[in-house]
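**Student:** First to last, the sequence lines map onto chains A and B. Mapping to our numbering: the first sequence position 9 is 9, numbers consecutive. Just add 112 to wherever you are in the second sequence, counting from 1, and you've got our numbering.
Accuracy of the hints is not assured; some may be wrong.
Mimicking SDA-like on lysine to any residue, the simulated pairs with C-alpha atoms at most 20 Å apart in a straight line are [as the list claims (entries may be wrong)]:
no.: 1; chain 1: B; residue 1: 157; chain 2: A; residue 2: 45
no.: 2; chain 1: A; residue 1: 55; chain 2: B; residue 2: 218
no.: 3; chain 1: A; residue 1: 47; chain 2: B; residue 2: 224
no.: 4; chain 1: B; residue 1: 198; chain 2: B; residue 2: 180
no.: 5; chain 1: A; residue 1: 108; chain 2: B; residue 2: 209
no.: 6; chain 1: B; residue 1: 157; chain 2: A; residue 2: 23
no.: 7; chain 1: A; residue 1: 47; chain 2: B; residue 2: 230
no.: 8; chain 1: A; residue 1: 108; chain 2: A; residue 2: 15
no.: 9; chain 1: B; residue 1: 192; chain 2: B; residue 2: 145
no.: 10; chain 1: B; residue 1: 198; chain 2: B; residue 2: 184
no.: 11; chain 1: B; residue 1: 198; chain 2: B; residue 2: 187
no.: 12; chain 1: A; residue 1: 108; chain 2: B; residue 2: 160
Here are some, though not all, of the chain A residues that point toward chain B, as calculated from beta-carbon distances under 7 Å [to be verified]:
no.: 13; residue: 33
no.: 14; residue: 36
no.: 15; residue: 89
no.: 16; residue: 93
no.: 17; residue: 101
no.: 18; residue: 103
no.: 19; residue: 106
Stretch-level coverage of chain B by chain A, calculated; a stretch enters the list once three of its residues show a Cβ under 8 Å from a Cβ in chain A [said to hold, decoys possible]:
no.: 20; segment: 207-219
no.: 21; segment: 226-234
Note that these hints are calculated values from the structure, not bench results. Heads up, the beta-carbon is just placed ideally off N, CA and C, and yes, glycines get one too.
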Amino acid sequence: QSVLTQPPSVSGAPGQRVTISCTGSRSNIGANYDVYWYQQLPGAAPKLLIYGNNKRPSGVPDRFSGSKSGTSASLAITGLQAEDEADYHCQSYDNSVGGYVVFGGGTKLTVL
Amino acid sequence: QLQLQESGPGLVTPSQTLSLTCTVSGASITSLDYYWGWIRQPPGKGLEWIGNILYFGATSYNPSLKSRVAISVDRSDTSKNQFSLKLNSVTAADTGVYYCAVSPSSDRDWRPWGQGTLVTVSS
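Given the sequences, and given the hints that come with them, work out the whole structure.
**Tutor:** Structural data, given as structure tokens:
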């Protein structure tokens, strides 16, 4: 059971917009810790997609955007492309039990 | 360019100790600018942070694994530029891909990651 909650799967047609939610609590996202998003292509290691809630590392298309509000965060992907089919993971920090890194359970994005 | 590479046995017997090493290139393991960490992923499941270490030895572990895990830096030979993971009393639930990664702070993002190594716990 992951500390952060994500939907197991989402899907969309090419060109559409999809969002992936990441729900936490007052001891992690709600405690003002930043949220990070990773993209994991099949058979590959996760790669940072969004940092600091809404910032993109160099090379990440602006079709990807992040937001955060209260105890939740979201990843939005616009202009969906076949190459976006992957697993997406959110990450934050939890200040309970001495403090530790927490992840969501991951969301499988299928491009129809 | 900072790169990481995991190495170690791909098969571990139940109740024994899982031992992995991460070799770092492009940065010094002695740098106090980085937290060196381990993250794992059971087959078909999400990511789980195992823990991390600073060069001078300060460690932080996932509360669910704390009693069984140890992360260390080889300070006797820093030329190897490595840090290690030991997880004892393993069961089938510890099967998965193990990644090493680096972060600028204990509450920040992890990048980059190693390619990962699959460890299977089975007799």
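**Student:** Which of the listed hints are not met by the structure?
**Tutor:** none
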